[in-house]
Every structure is written in structure tokens, then in C-alpha cells.
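Engineer: Throughout the sequence shown, residue numbering follows the working numbering, covering 9 to 258 in sequence.
Each hint should be verified, as a subset may be incorrect.
Cβ-Cβ distance ranges computed for the label pairs, FRET-style [claimed, not checked]: (1) Pro117 - Val258: 31 to 37 Å; (2) Pro35 - Thr232: 23 to 29 Å; (3) Asp98 - Ala58: 35 to 41 Å; (4) His37 - Gln236: 28 to 34 Å; (5) Thr97 - Ala134: 22 to 28 Å; (6) Thr232 - Asp98: 43 to 49 Å; (7) Thr243 - Asn163: 19 to 25 Å; (8) Asn163 - Pro117: 17 to 23 Å; (9) Gly11 - Thr253: 19 to 25 Å; (10) Asn145 - Gly11: 39 to 45 Å; (11) Asn143 - Leu24: 24 to 30 Å.
No wet-lab data here; the hints were simulated from the structure. Beta carbons: idealized from backbone N, C-alpha and C, even for Gly.
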Amino acid sequence: NAGIIIRGSSATTEILESLTTRGGLIPIHDAVRLIGAEVRLDTTDSGNSAGAAVTVVFAINSAPTEGNSLVIESGLATVGLESAVGAATDGQLGSLLINSTGGINLASPVLRTEGEQAYNGPVNLAANVVIQTTNANVTFNGDVSGVQNLTIAQNTGNTVFNGTVGTLNSLIIEDGNTRRFAQSVAVNNLTITGGIAVFDAAAEILDANMSGGELTGAGDVTITGLFQWTGGAMTGSGRTLVASTGTVEV
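The task is simple: from the sequences and hints, build the whole structure.
Structural biologist: Written out as C-alpha cells, the structure is:
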């Protein structure tokens with residue numbers, strides 16, 4: 009049940025194999041370079057324990073040009089990523105998978121992978137976050153919250169939010185593929201510059217700016233403040249509504 013504690017000088021700790029505990033913490037106080045093709049940080053002993061918290065304080069990158077992947081398993085406990093992931097030159101990860109019913113705390117300004125990203129658990133944004141893949145899919149299988157900005161970057165693959173999205177300061181959707189919101193959305197600012205934003209349930213937005221792409225879906229999108237529209241299409245059975253408190257600039 010012992011934990012694995014790594015304390016470095018923030019220079020770099022290279023990880024080749026997986027780190028596994030049976031309910032012991034894994035805090036890493038150093039920058040991390042993944043030199044194994046798939047590195048796992050697992051406090052559940054492959055599902056044999058309820059898990060414990062996993063925290064990485066400094067940046068995580070793959071060995072340059074290798075696109076190595078990271079899997080984090082914390083069971084009922086939390087995961088905390090406190091710095092950028094895959095942001096170094098040629099240091100993008102192959103893929104990123106996080107399984108945590110205890111909650112995923114993202115203070116990472118950038119999460120960049122060549123392949124897919126999946127967040128299986130509730131996500132709290134503790135900083136402004138940019139999600140970026142190389143035309144690979146991103147899945148959020150839990151609620152997403154935090155009074156921060158979330159950007160789905162240009163050329164990121166299809167992105168699905170299977171839980172609610174709420175309390176965000178800004179949600180920014182850049183050029184790319186489909187961004188689907190399966191449950192309710194409540195954000196202060198929505199920006200759409202391209203791609204297809206699909207709202208399957210009701211969305212309440214304070215201010216919105218749409219300059220391209222498509223806003224569609226079965227859910228009504230209600231804007232209570234300023235709606236700036238300079239391009240893009242609004243389709244689907246859901247309505248785009250501007251409340252009596254709002255204004256439209258075209």
C-alpha cells in the first residue's frame with residue numbers, strides 16, 4: 009500500500025515503465041518525460057484497489073518525436089495536472105487517457121496529443137485550458153466546470169461532452185470537426201470561429217460571438233447578453249434565442 013513519491017529539481021524525470029500502487033499516492037514533483045511507448049500511473053493496482061491521488065506538478069512531455077502515451081488510473085481519488093502536457097517542441101503525447109471518478113483537476117494551459125484524449129470522470133478547470141489533437145477525437149465522460157476559459161483548438165478531431173458544461177468563463181470553438189454537447193451548457197462567453205457545434209440540450213449563454221462554422225442541434229441556445237454574428241450558419245431543430253435582456257450585432 010506504499011506510495012511512490014518523486015521529488016526532482018524540475019529538470020526532468022524520465023519514465024520508461026508504468027508506476028503502480030495498491031492504494032498508495034503517486035505525487036510527482038518534477039517535470040516528466042515519457043520514454044516508454046505507453047506509461048501508466050496507476051494507484052488502483054489494475055482495479056484491485058479503490059485508488060489514491062495522482063498529482064504531477066510540472067510539465068509532462070513525450071520524448072521528442074516519439075509520441076509516447078500516458079494513462080492515469082486513480083479510481084475513487086483525484087488526478088491533478090498542474091502544468092502543460094505535450095507542449096514542448098516535438099513533445100506532444102501519443103494519447104492521453106485519465107480514469108478518475110474522484111475528479112480530474114486541470115491546471116494545464118495546454119494538453120496536446122497526436123492521438124485521442126479521454127477524460128473519464130468530472131473535470132474541474134483550475135486554469136485556462138487549450139485542448140489540441142492532430143485530428144483525433146476528444147471525449148469528456150463527466151461534467152466539466154470551473155470559472156476559466158476552455159478552447160478546443162483548430163484541427164482537433166470530433167469532441168464530445170457527455171456531461172454538463174457549466175460555470176465556465178469562456179468556451180471557444182475553433183475551426184475543425186464536430187463539437188457535441190450532450191447535456192446542458194451554461195457559460196459566460198461562447199465563441200465559434202469554425203467547425204460544427206451541436207447542442208443536444210439547452211444552453212444558456214451570456215455573450216456569444218459567431219464568425220464561422222455551424223451552430224446546430226435539438227437544444228435551444230439562449231443568449232441573455234450580446235450576440236455578435238458576422239458569419240456561420242444556424243441550423244437544426246433547436247432555436248437560437250436572444251432574450252429580452254440581450255442585443256444582436258450583425
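Engineer: Taking each numbered hint in turn, which are not upheld by the structure, reported in ascending numerical order?
Structural biologist: 2, 4, 9 and 10
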